[in-house]
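Trainee: Residue strings, one per chain:
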Amino acid sequence: MNNLLTWATLLPLLQATIRMAAPYTFAAIGGIYSDKAGVSSIELEGLLLIGAFAGFVTVYFTQNLLLGVLAAALAGMLLSAIYAYMVVFLGSKAALIGTAVMLLAGGITSFYYRSIFGVSVEYPSIVPFRNVPVPLLSKIPFIGDIFFRQNLLVYLGYILVVVTWFFFSKTALGLQCRAMGENPFAADTLGLPVRKYRFINVLVTGLIAGISGAYLSLAASGSFVENMSSEKGYAAFAIIILGKYSPVGAFLGCLLFGFADAFQLNLQALGFNVPYQFMLMLPYLFTLIVMFVSGSGNQPEGHGKFFRKGAQIL
Amino acid sequence: MKDKLLSFLKSQLKSIILIIVALICSFAAAAVVLLFAGYNPVEAFESILAGAIGSRTAIAQSFGKATPLMILGISVAVAFKGSSFNIGAEGQFYAGALGAVLCEMALHNSGLPSAAIITLCLLSAFLLGAVWGMIPGYLKASRGASEVVTTVMLTSVILLLVGFLVSQGGPIAEPRGIYPETQEIVESARLPYIWKGTRLHLGFAIALAVVAASYFFLEKTTGGYKIKATGLNPNAAAYGGISVGMVTISTMMLSGAIAGLAGGVEVLGTSWKLYVNLSPGYGYNAIAVALLGRLSPIGIVFSALLFGMLNTGCNQMARYIGIPNTIAAVIQALVLLFVVGFSILENKTFSLKLKKKGGTVCE
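Chain order of the listed sequences is A and B.
Numbered per the working numbering, the first sequence spans residues -1 to 312.
Numbered per the working numbering, the second sequence spans residues 24 to 386.
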């Protein structure tokens, strides 16, 4: 047990934490754009999956990782457009359409995956993103080793957290988006095009969540596996609540989940002899605990409320 | 009376037209998906149809696949009526399957009559399913936690738990330690066949009984009334003296119990043992089944049969002409989207009429 706390065992654990937190970060930060504007981000799971698939296939045929990320973002956006249309314009139940989108992504990805690659024992794979140390920053003791010796997508994640925080707290547009999340009817009175803004926010969610999927297939593994998002989208939904709908809070939540994942992976390396199924259970149990502790959080007032011009909540 | 009947038929007709249009759209969209992959949709749909109803065996198989879908569809619909969204029916199905297997193991050498063993095993499935449904119900009622997320997580947990329990040499794995599955259940615990020469078992009749019971429960009892009242308007229900929290918990318990029963029926009737891939996603298909059936018990019978045929047909298609059977999942997701989309449009025409009269629309 003593070797648990030496730097040599702790460093890989913390590095893995950051690495494992990245897909959650993209998903949660993406989801915040919907949530802040008052649309539930329950559709994340499907966006992750379609992103992972689109990214993988693109890189498999072009060998261009950045093109893969772009394709993943576009695929996520395309799928989120369906969700956005049905929830924002038609007023369907978000939970329902979110599930439909998840099932559609599951069906489409496994159908095309099997159509393209067939059903074989060996997985087709690509060369994933490599770690690129950031000049100067990676030289900082401890911090540099943990945060700045990662792959490019991890750094993109950091930037997104800051940009999203800035957007929602410091820009007029961001505040307007928040206004329609808090009270769409008041926002409408101010002349803001509520539905249009909400629609665009969900598209942004799709774009970023698609990258989260790309992270899974292009950075974390280098291959695509059916249902590889493994409920990370739903975990991100819980993380957003845990982080009280703030980008920085969500990022901290992602680190927590990243740690749970990394811990689970390292447990066996550290000599614990627990059946692997119980290790894999940890993130799910962890999400349940988070849901128990934070419930529905302090979500924006107008969250999940369908907006139609001229309609009033009576 | 006559007018009432006429307007009832009229409203049903609207429903049926909506369903048919949604189905046509779904298959058209699926055809596009098939075309993109370079397959011939006509050939594919022909193959699905032949595989689903082309022979006596095929029909029996379709009915067999419809059995869990029907019970699970009712499970999802009950939750829906109470405004809970149970997408973890898959997990509760496994909880029930586990309950049935555990009970059978306890009674394996008991020599009890077949009817007693079957009843006890199904009861055990029912109870374990209820436990697995109660947890998200409790989290929702007491903490406001989204049941979508909690049911999904609990599904993953039970899948891993079952995976551990039945893994080679695991606690309830078959004693030879070769396969990751439980020992075959004793003959007296198996559901008898009800159609000579096929493998259609008593589970199909049980499913129909569940449908009838759910109709009776929802329409004729106070419990069902409470669930529906809470689903329609929780504030009004609370004002009327209904404890919304308790109803939410018991709704999810009931929904989980019914899903658990489906798992028990599957083990006793079809698989005779428990393993990790027992369900090819029945719990998720059931959401489409419930909504295509517009949450009405009789509608669910038909939509379960349809999806049973679809699943069977797609498996046969994969076997004979090599098109991946996951097209079934695509079609089901599309059906879900179209049914929900069109039913909104149906309501929309209603609210437009109100608007024309100059009134504001209540949300």
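Rather than coming from a laboratory, the hints here were simulated on the basis of the structure.
Keep in mind that the hints are not guaranteed to be accurate.
Stated by the list, open to error - Straight-line distance between alpha carbons at most 25 angstroms, and here's what the computed PhoX-like set of lysine-lysine pairs gives:
no., chain 1, residue 1, chain 2, residue 2
1, A, 137, A, 303
2, A, 168, A, 137
3, B, 25, A, 303
4, B, 27, A, 91
5, B, 25, A, 91
6, B, 37, B, 251
7, B, 251, B, 33
8, B, 27, B, 296
9, B, 25, B, 37
Trainee: None of the hints should be skipped; say for each whether it holds.
Mentor: Tested hints:
For the given pair, residue 137/A sits about 49 angstroms from residue 303/A by alpha-carbon distance, which is inconsistent with the 25 angstroms threshold. Taking the CA atoms of residue 168/A and residue 137/A, the gap is about 32 angstroms. The hint is violated against a cut of 25 angstroms. Note on residue 25/B and residue 303/A: the hinted pairing is violated, with a Cα-Cα distance of about 40 angstroms set against a maximum of 25 angstroms. For the hint pairing residue 27/B with residue 91/A, the CA-to-CA distance comes to about 31 angstroms; that exceeds 25 angstroms, so the pair is violated.
Our distance criterion of 25 angstroms between C-alpha atoms is broken by residue 25/B and residue 91/A, whose separation comes to about 35 angstroms. For the hint pairing residue 37/B with residue 251/B, the CA-to-CA distance comes to about 23 angstroms; that is within 25 angstroms, so the pair holds. For the hint pairing residue 251/B with residue 33/B, the CA-to-CA distance comes to about 23 angstroms; that is within 25 angstroms, so the pair holds. For a cut-off of 25 angstroms, the pair hint linking residue 27/B to residue 296/B is broken: about 50 angstroms separates their Cα positions.
Distance restraint check for residue 25/B and residue 37/B: the Cα-Cα separation of roughly 18 angstroms lies within the 25 angstroms cut-off, and the hinted pair is therefore satisfied.
When held up to the earlier numbered hints, the structure conflicts with 1, 2, 3, 4, 5, 8 and fits the remainder.
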